[in-house]
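Visitor: Letter by letter, the chains look like this.
Protein chains: 2
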Amino acid sequence: MNKLNLSNIQKPIIEELSHFDSVFKNNLKSDVILVDLVARYIIKQKGKRIRPILVLLSAKLAGGITERSYRGAALVELLHTATLVHDDVVDGAEKRRSFPSINAIWKNKIAVLMGDYLLSRGLMIAVENNDFDFLKTITNTVKRMSEGELLQMSKTRKLNINEETYFRIISDKTASLLSTCCEIGALSSTNNADQISALKNFGEYLGLSFQIRDDILDYIGNSKIIGKNPGRDIKDKKITLPLIYALRNADKNESSKIIRYVKDGEKNKKVEEVIDFVKQNGGLEYAEKVAFEYSQKAKDSLKIFQSSESYTSLESLVDFVVSRKN
Amino acid sequence: MNKLNLSNIQKPIIEELSHFDSVFKNNLKSDVILVDLVARYIIKQKGKRIRPILVLLSAKLAGGITERSYRGAALVELLHTATLVHDDVVDGAEKRRSFPSINAIWKNKIAVLMGDYLLSRGLMIAVENNDFDFLKTITNTVKRMSEGELLQMSKTRKLNINEETYFRIISDKTASLLSTCCEIGALSSTNNADQISALKNFGEYLGLSFQIRDDILDYIGNSKIIGKNPGRDIKDKKITLPLIYALRNADKNESSKIIRYVKDGEKNKKVEEVIDFVKQNGGLEYAEKVAFEYSQKAKDSLKIFQSSESYTSLESLVDFVVSRKN
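Here the protein sequences line up with chains R and L, keeping their order.
Count along the first sequence from 1, then add 11; that gives the number in this note's numbering.
Count along the second sequence from 1, then add 11; that gives the number in this note's numbering.
In case anyone wonders, no lab produced these hints; they're calculated from the structure.
Check each hint, because a few of them may be wrong.
Because identical chains cannot be distinguished in the list, a pair is counted as satisfied if it fits within a single copy or across any two copies.
[Stated by the list, open to error] In silico DSS-like cross-links for lysine-lysine, where the CA-CA straight-line distance does not exceed 27 Å: (1) K147 with K40; (2) K263 with K147; (3) K120 with K106; (4) K249 with K36; (5) K274 with K120; (6) K22 with K268; (7) K281 with K120; (8) K308 with K336.
Produce the complete structure using the sequences and hints provided.
Guide: Rendered as structure tokens:
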């Protein structure tokens with residue numbers, strides 16, 4: 012389907028997105044030369060901008076893009092960038108979007124401080140403009156994202172994770188920010204509580220299917236992205252939905268054996284066997300089914316709105332997310 | 012002087028400080044077991060609580076301690092703790108207040124995430140209670156603290172630092188938070204703009220003398236604190252006020268030689284010689300004079316208030332800061 016690429020999806024907001032770019036750029040300016048240098052490097056290697064796109068499409072759908080929408084978009088992108096910079100430090104990642112990571116070029120210390128700086132710059136946009144509603148949602152999101160990652164890490168150590176915990180983790184670490192993007196977009200253009208809540212739910216369901224898809228890709232492979240060969244999660248002892256289902260579905264002895272393999276972490280020599288186990292026990296079909304269900308729930312959330320270009324784009328974004336190959 | 016110890020200084024707010032402890036503790040609770048575990052560890056090894064003390068004394072001086080004062084005190088202590096946790100990651104520090112650091116026990120990843128979590132918990136206290144004035148000042152402080160550290164690091168690389176840059180750095184990285192503590196304390200108890208501004212200035216001057224004293228201690232030694240032997244800053248290529256003055260005051264050729272030593276960083280075998288150079292060229296006297304001047308300015312800022320127990324405590328805190336041995 013040709014529809015399912017980002018340049019089609021962002022068509023209704025193509026001019027607004029380029030205005031966003033300049034707002035984002037301006038917000039990264041600093042009179043500290045080193046900060047400015049790192050910021051320019053970050054701007055140069057811009058990503059897919061999924062989060063600002065969500066803010067702007069949601070705003071457009073709920074009434075129209077306003078000055079506040081741009082501030083909201085810059086806020087979420089700054090927060091997202093801050094977490095990526097911190098992630099690369101803690102993972103010791105050398106690359107990000109095929110460029111050397113901040114920590115690879117400027118070392119950990121500067122990367123941690125830059126992450127803190129980017130977060131505070133994001134919050135300052137809201138503070139300076141009295142966008143108190145944005146602050147409420149974004150602060151809670153920062154808390155949920157860090158708590159979700161920490162919950163995942165503690166479960167990873169003990170390898171005891173069930174579906175309920177899995178959904179709490181992915182809701183906190185991934186869906187919360189996408190939900191906040193849509194909520195902020197809505198808040199920037201309407202006071203209608205039903206519409207705000209509908210878009211917030213849309214983002215949450217979109218986020219859940221996004222993360223489940225991510226976890227599926229770890230099993231079926233994703234050669235386009237460096238460092239994302241199949242089985243990365245298994246070596247990291249991350250037990251995600253496909254494996255949770257397979258372990259529950261399979262013979263008990265076999266499941267125990269697989270758990271023992273996963274416990275070996277980096278030293279695990281049986282990654283291929285774990286992947287086959289998941290495939291043979293229906294783990295991928297199950298995860299795909301659940302991701303699809305959430306994508307339907309996301310689309311259903313939009314039904315209170317009248318059809319429009321932005322409506323279609325948000326629907327396509329859902330399809331894009333659950334069918335993406337990387 | 013017996014007056015100059017923290018237990019005397021905190022006498023006017025001794026009960027309030029123990030109430031603060033329970034507010035702080037409650038704000039660290041989490042239903043994520045790992046978060047709770049790390050949080051309890053942090054609470055157990057509480058530090059000097061200079062920042063909450065400043066909030067509470069300022070509030071008491073400006074009209075009286077309110078519920079908002081406790082929230083402000085918890086907010087600044089959470090932010091301060093977050094930066095310490097991140098600092099230990101970037102410095103690879105094994106100890107903090109003679110306990111193993113968070114990164115030493117739980118590794119870097121958990122420490123970086125815990126730092127983010129603590130910061131967001133702090134901001135949430137303000138957000139949940141609509142303390143928008145707190146958010147304005149604290150967000151700007153987070154920005155200044157990270158920017159100040161980054162400015163210091165870029166100057167450290169090039170070893171070109173003058174007095175003006177030094178004061179910008181210490182104002183941003185240290186004085187900004189102490190100033191914010193006093194401002195938040197005042198905001199929690201009065202609307203009087205002159206009093207708020209007076210306490211804000213008090214905190215700024217206190218912070219400047221605090222940091223200058225810290226930089227002096229690096230030359231005269233501070234054996235009580237592990238990892239704080241004399242010359243640490245020199246090996247870190249941090250050029251602080253005593254050295255800036257000595258370099259300006261000394262013979263040009265000798266100064267160039269000293270700069271070459273400092274450039275060696277960790278490999279510097281002439282740390283003792285650098286310290287002697289600073290002593291012989293009046294660097295310590297000069298820095299002590301400047302720290303004393305700022306401590307006077309801090310005290311002068313308080314003059315719009317009537318004398319009281321809290322007034323005396325804030326004055327003693329200034330003396331404590333500029334005369335401390337560690």
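Visitor: So, for every hint listed, does it hold in this structure?
Guide: So, going through the hints one by one against the coordinates:
no., hint, in the structure
1, K147 with K40, "both (25 Å within a copy, 19 Å between copies)"
2, K263 with K147, "neither (46 Å within a copy, 56 Å between copies)"
3, K120 with K106, "both (17 Å within a copy, 17 Å between copies)"
4, K249 with K36, "neither (36 Å within a copy, 31 Å between copies)"
5, K274 with K120, "between (32 Å within a copy, 19 Å between copies)"
6, K22 with K268, "neither (50 Å within a copy, 62 Å between copies)"
7, K281 with K120, "between (36 Å within a copy, 26 Å between copies)"
8, K308 with K336, "within (22 Å within a copy, 63 Å between copies)"
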